[in-house]
Structures are given as C-alpha cells and as structure tokens.
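J.: Single-letter residue listing:
2 protein chains.
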Amino acid sequence: MLVIGERINGMFKNVREAIVAGDRSVIQDLAKRQLASGATMLDVNVGPATDEKEKAMVWLVESIREVTKAPLSIDSPNAAVVRAGLKLAGPGSMINSSTGKADDLAKFLPLAQEMDASLIGLTIDESGVPSTTDGRVEIAMRILAAAMEHDIPPDRLYIDPIALPVNVAQDQPVRVFEALSQFAMLSDPAPHTVVGLSNASQRCQERELISRTYLVMTMAHGLDSAIMDVFDTELMNAMITAELLMNKAIYCDAYLDAYRKSQRPA
Amino acid sequence: MLVIGERINGMFKNVREAIVAGDRSVIQDLAKRQLASGATMLDVNVGPATDEKEKAMVWLVESIREVTKAPLSIDSPNAAVVRAGLKLAGPGSMINSSTGKADDLAKFLPLAQEMDASLIGLTIDESGVPSTTDGRVEIAMRILAAAMEHDIPPDRLYIDPIALPVNVAQDQPVRVFEALSQFAMLSDPAPHTVVGLSNASQRCQERELISRTYLVMTMAHGLDSAIMDVFDTELMNAMITAELLMNKAIYCDAYLDAYRKSQRPA
Chain A
0 MLVIGERING MFKNVREAIV AGDRSVIQDL AKRQLASGAT MLDVNVGPAT
50 DEKEKAMVWL VESIREVTKA PLSIDSPNAA VVRAGLKLAG PGSMINSSTG
100 KADDLAKFLP LAQEMDASLI GLTIDESGVP STTDGRVEIA MRILAAAMEH
150 DIPPDRLYID PIALPVNVAQ DQPVRVFEAL SQFAMLSDPA PHTVVGLSNA
200 SQRCQERELI SRTYLVMTMA HGLDSAIMDV FDTELMNAMI TAELLMNKAI
250 YCDAYLDAYR KSQRPA
Chain B
0 MLVIGERING MFKNVREAIV AGDRSVIQDL AKRQLASGAT MLDVNVGPAT
50 DEKEKAMVWL VESIREVTKA PLSIDSPNAA VVRAGLKLAG PGSMINSSTG
100 KADDLAKFLP LAQEMDASLI GLTIDESGVP STTDGRVEIA MRILAAAMEH
150 DIPPDRLYID PIALPVNVAQ DQPVRVFEAL SQFAMLSDPA PHTVVGLSNA
200 SQRCQERELI SRTYLVMTMA HGLDSAIMDV FDTELMNAMI TAELLMNKAI
250 YCDAYLDAYR KSQRPA
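Chains as they are written, first to last, in numbering that gives the first Met the number 0: chain A, 0 to 265; chain B, 0 to 265.
Hints in this document: simulated from the structure, not taken from any laboratory.
Mixed in with the good hints, there may be bad ones.
Since the list gives no way to pick one copy over another, a pair counts as held whenever it fits inside one copy or between any two copies.
To be verified - As a list, the in silico SDA-like pairs of lysine to any residue whose alpha-carbon atoms are at most 25 Å apart:
1. K247 <-> V173
2. K247 <-> D133
3. K31 <-> M10
4. K260 <-> D170
5. K260 <-> V167
6. K260 <-> N166
Here the structure is a predicted model, which means the values were calculated and not measured.
Using the sequences provided together with the hints, build the complete structure.
T.: Below, the structure is given as structure tokens:
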C-alpha cells in the first residue's frame, strides 16, 4: 500500500499559518511525524494559504527536503506550481493530479514524462464526476491511453475514482468499489488506484469510523494507495489488517508491529 | 444484513455448563442480550456439551422460546437433531447447515422443504474445502441446483464460502471475496451469502480487529449475513457502517443509533 500523508495542506489551519509566517518547523514536524506514523509519501498542497502558490510550494518542498528525502506528491491544479514543486522534490515524485479533461491531460502528461513522475488521474471530465461505474471506467481508459502516448506506463498511473461524501452521495460508494474492480482489468500490468479518503466522510459525524470502513471496502476491491490521515491509529490498523487479508503482508501474531517496522523510513 | 448471534453454542463454557446443569436462565439471558445487541436471528448449537444432542437441542430451543419468538438457526450436522430443533423453533427458522456433499443434500434439502426452513449451504464437498474461487462457485452451483429440485428458492439459501483462519490459510480470504462476488451472479434473485465470522480469526492475536476487517471486506463483495459476536460493539459499528456504504441503510448523522433502533425486536 502506498500511504500518502494528507497533512501538509494549506486547508489545515496550522499549515496555513506556518506558510504565512514562514515557520518551517511546523511543516518539518508534520513531515517527520507522518513518516513515523506510516506514511510512505507526503502530499504537499498550498491550499488557500496564499495567492503566491508557486512561491509557497517551493518553500514547502524546501522545508520538507531539509528533513527527509521521502517521495512527495505535489498537489495543485496549476501546472506551473506542480513543475516548481517537482523540480525541488526530485526522483520518485508524484503529480497530484490531472483530471481526464483534454486540457488537463495536455498540461500534466508531458510534465510527468519530462520529470519522470507518477501521476494521479481523477475520473473527472468536462461533464464533472460521472455518477456511474461505467462513466468512471471510460475516463480511466482515456487517461490510460493518453498516458501511454506519453510513454508513461500503467504502473506510474494512479487512477482515482473520486470518493464523494457519503452524506450527500450515498449511492456512490458502491460505484467506486465496482470501478476499482474494473480498473484492474484495463491493462496488464494494471494502473494503480488511489482515493482521497477524507473526502468520503466530509461533514459526517462518525468521520473516523466511516473513513476506515470505506478504506477497507475499497482495499477489498484492489485499492493500493490512499491519501489519508496517518495520525489516525485505528485507520492505520484497519489498513494494515486489510493488507494482511489481501495476502499482501505475511501473517504473524504481531503483524501490526511487523508492518510498522517494515515501513519505517531509514 | 441478517445478523445471526453465535453465542448459544456448547463450545462456550457457560453454555456447556448451563446445558449440563439444566440452567435455563443462562441461555435465556444470552438470547435476550444478543437480540438487544443487534442479532436478528440466534444460532443454537449443542456443541460438545453432551452426547444426548437431540435432547439438549430440544431443551435449548424450549428455553429460548420461553423468552423470545426471534427466528433461530438450528446448528447441527445431525439431521435428527436439526429436525427436533426446527419442530419447536417454528416458522422463519434456518438449518445450519448442509455441505454440498450428496449425502448431506439428500438429508437436509427435504427437511428444509418439509419444514419451510432456510438453509445454509457450505461450499464443502467430498474433497473438503476447495482452495480456489472456482471450486467454491462450482459447489455453490450444485447446492443451488439441488435446492431448486426441492422447490427451495434462492432467497431461502445462504451460501457460505467458508472463512478459514487467516493465520493458517492466508491466501484464502481473497478467494472468499471473489467467490462472494460470483455467487451473486449464479441466479436471479441471487442466493444469500453467509460466513461464520469468528472462524477467520481463530487463534489470532488481534482477533477483533481481524474479524471486523474481514466482515467489512466480505460485505464490500455483497455478503448479506454473518454468524457473529454481536456483543462486540466495534464489530457491530463496522457492520452498520458497511451497510451504509453499500447503500442499504439511509444516511443520517446518528445512523448508528438509527440502525440499532430499527433492528430492535418488538
């Protein structure tokens, strides 16, 4: 499982304030603690902290690079911001994200090719998020085909079927589960799959319970990456147990500890 | 979700002792507390408590019927014991269980037909539990076809793909998940599906975590019944949340409470 820590995002108050104040220690602490909690990649998103997105992204990546070489997911809809982040982030980076819109693919696929980066492809097109399984699969196919034209192989692609909040779109989780199963059959090797997990429980009362249940259900359908709250220990335990049941980690009585030790950054 | 409470089983020490001592209050207390905790059916199994299985089954069902009319799952490999239990249990009962062995089907299908009972069909045949998905599906088909010959429609059948303990058969959960998805396509309407959940975590250290993760993963593949420990609140919360995400219960912020209230016996 590629576990992408969600916390370095200007949507969170302490990150927003750190960006505005230029306080690197907040960002560096979040980077280190997320890695210690099981993140294998860190998402980096300026969010609404400032209008100077490119400058803030450079500052965030520089701050993180002072404390870790962990791979980063450079998260912005703006290609110039992504390019600036990728340059500093170095090898193993990810672009988060392109939709399946022709304009977005034309911006982000050449960038992924040039920078040797992975790419998250959202199943969103000019008509928005499809409400059906088939609509999601069709956009995924389009992204996959376009990626191949740019010499980006399926194993550098992470297709995101879009986890909508369950309180407003309750018919959608089942479509997401079905879509995940179908993505696995689009190519050989299959593209990876990813969800922005916290979105599924937005404004719900039982957020943590919904998040971990949603994660386990998507993993049962082959999900192999998530952008998530690695500080939620119950969520991480559920993820590790789902990996075990999917036969992706070897059973021992102390499998939770064993998994955590195996993932710890050097 | 048909939630079958597992606790009235002679494998448990207090049940075994109650059977030997003829102490109805222990059984009646377990019946009432399981129903209050969310069970919609109660499993009844003499287990290793005594060699007088039929007499003990009659005593168990009589004891339970003094306090509730809830449907019962009469659990024994012995058709005479099952018949004795069913007679007293009355309408809405379940036979737990027949394998797909020709001998078992010849014993239990006529009994289900005669007593108008539902039937759990285990995907076990003369060669044991298949290690493959296809092997499970093949036995399920055989059970389904045999049931139809006895006028037992698919919606009275509960196919059990056999949840083996993950610590000794770690490649099997994925096969179970796949089999569940395929059972749904065997007939229209599809047969129900069921697992004996506690078996999946036998002798594991993190039993409760494994159980609830396993349940959620099987529900993501359409599982609609389980024999389980309804006293495990976290397990019940996971089950209720999985029902929500499968769009089988309507979202509200207090969905856990709402579900529990809706399931409470009159």
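J.: None of the hints should be skipped; say for each whether it holds.
T.: Verification of the hints:
1. K247 <-> V173: both (23 Å within a copy, 10 Å between copies)
2. K247 <-> D133: between (28 Å within a copy, 21 Å between copies)
3. K31 <-> M10: Classified as within; 19 Å inside a copy, 48 Å across copies.
4. K260 <-> D170: between (38 Å within a copy, 23 Å between copies)
5. K260 <-> V167: Result: close only across copies, 23 Å inter versus 38 Å intra.
6. K260 <-> N166: Result: close only across copies, 20 Å inter versus 36 Å intra.
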